[in-house]
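Top to bottom, those sequences are chains A and B. The first sequence runs 1 to 262 under our numbering. The second sequence runs 1001 to 1339 under our numbering.
It should be emphasised that the hints constitute simulated quantities derived from the structure, not laboratory data. Just so we're clear, the structure is a prediction, and the values are computed from it rather than from any experiment. All C-beta atoms in this analysis are idealised placements derived from N, C-alpha and C, irrespective of residue type, glycine included. Mixed in with the good hints, there may be bad ones.
To be verified - Some but not every residue of chain B turned toward chain A, in silico, with C-beta under 8 angstroms:
| no. | residue |
| --- | --- |
| 1 | Ile1005 |
| 2 | Pro1006 |
| 3 | Gln1008 |
| 4 | Gly1189 |
| 5 | Arg1192 |
| 6 | Glu1195 |
| 7 | Ala1196 |
| 8 | Asp1199 |
| 9 | Leu1200 |
| 10 | Val1203 |
| 11 | Gly1208 |
| 12 | Ile1209 |
| 13 | Leu1216 |
| 14 | Thr1217 |
| 15 | Pro1298 |
| 16 | Leu1301 |
Stated by the list, open to error - Subject to a maximum C-alpha distance of 25 angstroms in a straight line, what follows is the list of computed SDA-like cross-link-like pairs (lysine to any residue):
| no. | chain 1 | residue 1 | chain 2 | residue 2 |
| --- | --- | --- | --- | --- |
| 17 | A | Lys81 | A | Asn135 |
| 18 | A | Lys81 | B | Ile1334 |
| 19 | A | Lys152 | B | Ile1334 |
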Amino acid sequence: MTKEVTANNRSLRVENLSKSFGGVKALEGVSFEVKPGTIHAIIGPNGAGKTTLLNCISGQYKPEGSIRYGDIELTDVVPHKRIGLGIARSFQHINVFTGQTVLENMMVGGHHRLRGGLLAQSLFWGRWGAQEEENRLYQQALDLLEKLGMEKLAHLPAGELSYGKQKKVEIGRALMARPQLLLLDEPMAGMARGEKQELADWITLLNRDEGLTILMIEHDMGIVQALAGESVVLDFGRKIAEGPPSEVVNDPRVRKAYIGEA
Amino acid sequence: MQQQIPGQPLLETRLDRYGAAALILVLILLSQLLSGYHVSLLTTITIFSLAAMGLNLLSGNAGLISIAHAAFMGLGAFSAAWFVIDLGVPLLIAILLAGVVSAIVGLLFGLPSLRLSGVYLIMATFAAQMILYWFFEQALWLTKSPDGRPVGTASIGSFHFDNPSQYYLLVLAFTVAGAVVYLNILRSGLGRAMEAVRDLPVVGQLMGINLQRTQLTAFAVGHFYAGIAGALYGWHLQFVATEAFSLMRSIEMLVLIIIGGLGSLAGAVLGAGFIVLVPELLDMAGNRLFTDLSVIAPIRLGVFGLLVVLFLIYEPHGLAKSWRKLIRYLDGRIFKTRV
């Protein structure tokens, strides 16, 4: 059965998070909170630890410190189970499954909802077969593709799409998971201006209409100020500021780190 | 319980569906009309297709390259013979049990392999091949002699598969069932999961795929196919010969799916046809061209090797890719629309 989406009321609390690679401290004692239903930006110069932070939340890295999602300690949850808690992400570099069709990519996003075992899938038909849930997932993927205006591309190999379209597939795949917390790592990087605007509108819509909490890394301060209500600024693995982006940009520490002002 | 909402079809185009049905009919006809020798060739191709589906699932779809597939076929062949002759288990059940034995042993060898990938995984499967082959030569309670064991003709109840045409129908039934299961897996969550963790393991895991479970399932299912194909092969030759399951045969199976096309049903079938028929054709050509028969074997090997290399250069995605292009083109022509 599909799990009904419960009211989005879980906040993400990062507490005293540290992560080092060999001798390099990529994150050092970072704490902040993402309130449910907000768009929260992570900003900072290159190498500040933004992606590392996202990777700790989604599960690639095992950090020290605590990440609490609602009342669940995320660092105790294996990576492949986090999506079932309602946390999905997209990646900085394109990570679609290039050999699979666009539709199949989307269906992977809803993979965690599938319940059928090996027998149900190999025999497929009949009462105990996987057909019903497979067809349901297929339909959900088609519906979402239609929303994204990509239904015509459904049966093309994802690798044949343009860069911007692949990014869209990737975000669509994350949405297929029906997350409550969406982690976006530079979703607009490398996109054309028109595509950027489209995506920005779309993120606003997801947040406003579906109540999705969004935690995103973004370099473009214009976009951050337009979209995000809250932000946290990292530099050399430490948090140097937080607050609404319009206030944060005027913080002298941020200007120094980010723009290079003395 | 009827399905209203459409989903991923078993076969992509209408031409695929009609073509598959036609192919099965043609195979049934051929098996009844051809001479014993040609039926035997057809049986070998069909059994190798079935085995190759398993290897293609494991190495093509899940990306876990194995050079031990023949050894698992051998395990299936010997276990099936043991079930039927020594324990009196009915044939069909014995064949399925042979698949289960291969699947379980495959799973056991798969466990330590989970931490390995690439060349190291190939080495682990090399070890599996060596250990199993050694086991066949040593475990005489199972294999009766280091060279293998005679199994006679297959029989179900009082029915004996006395002629090859009858036995072919049994082989075809298993292979068609295997093909349907393979296609079902490919269009289900497991199929997508295997390809996802093959291409981008980290991303796949973050999309909720259990990497270990997916890979172990691939090991089990792939070797289940090997076990069943091996069992069928035993009664086809009426002798389970140890040397039929050597490292050379395992590598041949890998070449088969690479030439046929990785990760697809068409790849398994076309590759099996290639690997059995091309040496056969080369033999025929050799017999006409040369009076000195001793030169045929080395020339045949050389030409076969050359063909394999040319294929890898000019059609690296295998025969299945060329086949796919042809089918799509023809389907568009015949039915005007794409399905």
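So, going through the hints one by one against the coordinates:
Look at Ile1005 of chain B: its Cβ gets to within about 5 angstroms of chain A, closer than 8 angstroms, so that hint holds up. Using the Cβ-Cβ criterion of 8 angstroms, the hint placing Pro1006 of chain B at the interface with chain A is satisfied: the shortest such distance is roughly 7 angstroms. Annotation: Gln1008 of chain B was flagged as interfacial toward chain A, and the flag holds, the nearest CB pair being 6 angstroms apart, inside 8 angstroms. For the restraint placing Gly1189 of chain B at the interface with chain A, the shortest Cβ-Cβ distance is roughly 4 angstroms, inside the 8 angstroms limit, so the hint holds.
Interface restraint check: Arg1192 of chain B against chain A, minimum CB-CB distance 5 angstroms, threshold 8 angstroms, status holds. Against a cut-off of 8 angstroms between C-beta atoms, the interface hint on Glu1195 of chain B holds, since the closest Cβ of chain A lies about 6 angstroms away. At its closest, the beta carbon of Ala1196 of chain B sits 5 angstroms from a beta carbon of chain A; the interface hint therefore holds under the 8 angstroms criterion. The interface hint given for Asp1199 of chain B holds, since its Cβ lies 5 angstroms from the closest Cβ of chain A, which is under the 8 angstroms cut-off.
Hint status for Leu1200 of chain B relative to chain A: holds, with the closest Cβ pair at about 6 angstroms, below 8 angstroms. The criterion of a C-beta within 8 angstroms of any C-beta in chain A is met by Val1203 of chain B, whose closest approach is roughly 5 angstroms, and the hint holds. Interface hint at Gly1208 of chain B: satisfied, since its Cβ lies 3 angstroms from the closest Cβ of chain A, which is below the 8 angstroms cut-off. Hint on Ile1209 of chain B holds. Least Cβ distance to chain A is approximately 6 angstroms, under the 8 angstroms limit.
Below 8 angstroms, beta-carbon pairs count as interface contacts, and Leu1216 of chain B has none with chain A, the closest being about 11 angstroms; its hint is therefore violated. Look at Thr1217 of chain B: its Cβ gets to within about 6 angstroms of chain A, closer than 8 angstroms, so that hint holds up. A cut of 8 angstroms between beta carbons decides the hint on Pro1298 of chain B: the least distance to chain A is about 39 angstroms, and the hint is violated. Violation of the interface hint for Leu1301 of chain B is found here, the shortest Cβ-Cβ separation to chain A being roughly 33 angstroms, above the 8 angstroms cut-off.
About 23 angstroms separates the Cα atoms of Lys81 of chain A and Asn135 of chain A, which keeps this hinted pair within 25 angstroms; it holds. A C-alpha spacing of about 47 angstroms is found between Lys81 of chain A and Ile1334 of chain B, which places the hinted pair above 25 angstroms, so the restraint is violated. For the proposed pair Lys152 of chain A and Ile1334 of chain B, the alpha carbon gap of about 22 angstroms is at most 25 angstroms, so the pair holds.
Hints 13, 15, 16 and 18 from the list above are not met by this structure, while the remaining hints are.
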